[in-house]
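Please construct the entire structure, taking both the sequences and the accompanying hints into account.
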Amino acid sequence: MKWLKWTRVILAIVLTMPVFLLFIDFFHLLPYNAAKLVHLQLVPALLGGFWGAAIFVVLLTLIFGRLYCSVICPAGVLQDLFNRLTSRGVKKNRAKRYFKYTKPNNWLRYSILALTILAFVVGSSFLVILLDPYSNVGRMMADLVRPALIPLNNLMVPATASDNSFFHHINSLGFALIPVAIASLFLITIAVMSLLRGRLYCNTICPVGTFLGLFSRFAPFKVTVDHSACNHCGVCARSCKSQCIDSKNSEIDHSRCVDCFNCLSTCSQSALSYRFQLPAKKTDIVVETAKNSSRRNFLIAGATAVATAPVAIAQNKLGVKKIEPIMPPGAGTRDNFNTKCTACHLCVSECPTQVLHPTAFDYGIMGMMQPKMAFEKGFCQPDCTHCSNVCPSGALVPLTREQKHITQVGIAHFTQTNCIVYKEHTDCGACSEHCPTQAVSMVAYVDGLRIPHVESAICVGCGGCEYICPATPKAIVVHANIDQKIAKPIPKGEAKEQKVESFGF
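With UniProt numbering applied, the sequence shown covers 1 to 505.
Hints in this document: simulated from the structure, not taken from any laboratory.
Quick reminder that beta carbons are idealized off the backbone N, C-alpha and C, glycines included.
Among the clues, some could well be false.
As the list claims (entries may be wrong) - Here are the simulated lysine to aspartate or glutamate pairs, EDC-like style, with alpha carbons at most 16 Å apart:
id : residue 1 : residue 2
1  : Lys103    : Asp246
2  : Lys100    : Asp246
3  : Lys372    : Asp362
4  : Lys377    : Glu350
5  : Lys423    : Asp447
What the hints assert, rightly or not - Pairwise CB distance ranges (calculated):
id : residue 1 : residue 2 : range
6  : Ile10     : Ser273    : 16 to 22 Å
7  : Ala181    : Gly52     : 32 to 38 Å
8  : Tyr98     : Lys2      : 17 to 23 Å
9  : Asn154    : Glu324    : 30 to 36 Å
10 : Lys248    : Lys36     : 43 to 49 Å
In structure tokens form, the structure reads like this:
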């Protein structure tokens with residue numbers, strides 16, 4: 001049955017490769033609709049209200065088992081890749097490279113699932129951010145791989161300089177310490193776990209894997225053991241990266257099996273097959289016993305989540321007063337954004353002007369690593385809706401261009417004592433020239449000079465003025481709206497398209 005394994009491999013490439021590439025697609029070569037594949041990721045689908053995708057994943061699992069973990073989840077495919085590469089590396093010592101059956105860590109995996117769900121129910125997305133497999137892979141690609149590839153791209157620019165060159169210079173945001181540290185920790189964790197214990201991460205830490213395992217045990221299509229043919233040799237167990245085949249008792253823990261089908265071709269007795277079979281009573285008893293043995297831990301974990309999550313949220317809200325981060329357009333309210341954003345950083349990767357940055361704790365610990373707008377590298381183009389259209393979790397609501405034009409993420413604030421006009425008694429006006437909504441205008445000052453004035457009602461907080469301001473410290477900066485508002489529409493034909501090449505003076 002090798003065809004099943006290779007079908008799984010091909011499906012994994014087709015369904016996950018575009019997801020990986022979305023985060024490093026510097027030149028936006030992928031079709032715009034490629035981002036819709038991300039809606040198949042279970043956590044973003046549930047948070048974003050993509051119920052069709054979420055129901056599809058659950059039904060897929062109920063019928064065929066945990067195929068999701070082998071063909072749709074990028075973290076699962078990444079672990080398979082690590083496992084494959086390391087097994088190639090020890091080919092000469094193949095005898096030392098094998099797995100063995102282990103009992104399920106039910107107390108740990110169900111406790112983590114309970115904590116994650118209950119903490120989210122009471123308003124904290126901290127564990128979702130920290131544990132969602134898709135979001136972890138997204139941060140790894142956006143915060144580790146992408147910044148590492150940008151310098152390589154820029155090295156190619158001089159070597160391929162021509163009017164038709166494929167390569168062009170890309171500004172790098174650099175490495176953000178906290179996001180890079182957490183992304184690195186995730187990468188090291190799954191690399192070590194997959195090397196030593198196969199899919200240990202999926203079957204102990206990952207809440208998505210545990211959740212789907214609740215359904216997969218009832219799947220009618222599953223890997224089964226022909227007890228009359230099995231000689232208990234254990235070869236199948238040595239190839240099982242989920243370590244869920246108990247060859248001594250000829251049993252498979254289908255709550256942990258990820259349907260990789262590696263075991264099917266290893267059995268010399270043809271005792272293993274993937275076929276339709278209703279759940280066996282004996283297997284159900286084994287599973288239920290395991291569940292009951294961990295029920296006390298499960299309830300303790302749930303009580304802990306309920307008791308501690310509100311405290312954590314209160315600590316988050318009662319923290320030291322600070323400058324509020326500016327949410328990406330489409331976030332709507334702070335509560336919506338902080339609750340639904342899983343910090344996958346797909347919007348950060350897709351932002352063409354590099355206005356979106358990963359954060360550390362700008363939103364507090366409960367909003368760890370969620371993105372914000374910053375205007376050191378550029379400003380938010382009025383017609384750009386990339387971030388809101390690719391967001392898979394509903395943290396950013398898709399905006400049309402017309403809606404984007406009046407979405408007020410913040411308001412520009414002018415500090416006269418920092419302004420070039422005030423300090424150097426000379427003309428400037430760069431901020432006014434580069435304001436697409438004409439919210440910044442120049443008004444009479446002294447000695448024939450003119451100085452900026454901000455009309456808050458029509459300012460959308462795009463950051464054009466802040467980005468171009470030559471003063472140090474900046475004379476005009478955008479202050480965040482805690483909840484995004486609707487700006488006063490400007491008359492048709494008065495908006496300006498801004499392509500900033502240099503200062504306006």
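Give me the numbers of the hints this structure contradicts, sorted from smallest to largest.
Hints that this structure does not satisfy do not exist here, as all of them hold.
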